[in-house]
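Q: Sequence:
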Amino acid sequence: MTVSLPVAARVDLRRQPVEGVLERVEEALHARLDRQTLVRKRRSLGARTERNTWVRIERRGFERIGPQGWNGTEAAAVLQGVAMPEWYQGVAWREPGQPVMWRADELELITSPSVAEGALVLEEPGLSDAWWAALNVSLNALADQQTPRIATPDTVTITQEHVTRTLGEVFPDIADTRLERWVPAHADLTWANVMGPEFSIIDWEDWGMAPQGLDAATLWGNALAVPAVAQRVRRERRADLESRDGKLMALFFLSKIVGPHAYEHDPLLVPGKKETERLLAELQL
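Heads up: the sequence shown runs through residues 1 to 285, numbered per my numbering.
Please keep in mind that the hints were generated in silico from the structure rather than gathered at the bench.
Watch out, some of these pointers could steer you wrong.
[As the list claims (entries may be wrong)] List of simulated lysine-lysine pairs, DSS-like, C-alpha gap at most 27 Å:
1. 273 to 256
2. 274 to 256
3. 247 to 274
4. 247 to 41
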């Protein structure tokens, strides 16, 4: 029997009072947060501490927390060979009377900024060859790890059934959606989560096993508005993106761009349609 979890009310932390949350985190972690550095997103907060660390705080409803929990940032501390902030400590609590969990993690402060303010890159970021080499080292090292965790891109557990359903709804001509190789993935490898000029990857809460190519497809897809960057991702991550699984992951990403909820002013829409045609044709060969 499937048990339905209660659904948390939607809350936008960019607009809600958060001082009480910040004070609770300060007390639990014995750290003072610098309010001047506070970054507010829809479901997460971040701020620098007086001891030059970074604290990330997230609110997540029960329905978005699977059996493996949601301590991904803490669990990622064991990864070897991946450029990422060191994890120091964390705390979690339930919001009284609500099907909601809060979590705060204190991490190494990364001084390089995100390559882009949002998920997409909209102009040439001028990344060095050393940056691209470090990306490859980290993604290759990540794929060589072992974990019982399952990735949750967009906080949704990725499964064969989920991929098949998503692709079938948007690309019904794909006859075979079977995925063969699963490897550890960051699962949210957008341009906001990679730093530069010194390379590192942040925000590990959703990492876990995923089809080969998920990370490469996410980084590539979010660069389609800048063809030279998208082409560089394809060149650097050729082994992932030219595999059959990688092509399916590219279409999995594009299903959100060219599917029924396509937005006509989306800078990814026109190049996304072109890439969709290419990928569908290649899968038919």
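Q: Each of the hints needs a verdict: does it hold here or not?
A: Against the structure, the hints come out as follows:
A C-alpha spacing of about 11 Å is found between residue 273 and residue 256, which places the hinted pair at or below 27 Å, so the restraint holds. Using a Cα cut-off of 27 Å, the hinted pair residue 274 and residue 256 holds, with the two alpha carbons roughly 15 Å apart. About 14 Å separates the Cα atoms of residue 247 and residue 274, which keeps this hinted pair within 27 Å; it holds. Between residue 247 and residue 41, the direct Cα distance comes to roughly 31 Å. Violation of the 27 Å bound is thereby established for this hinted pair.
Hint violations for this structure: number 4 only, all remaining hints satisfied.
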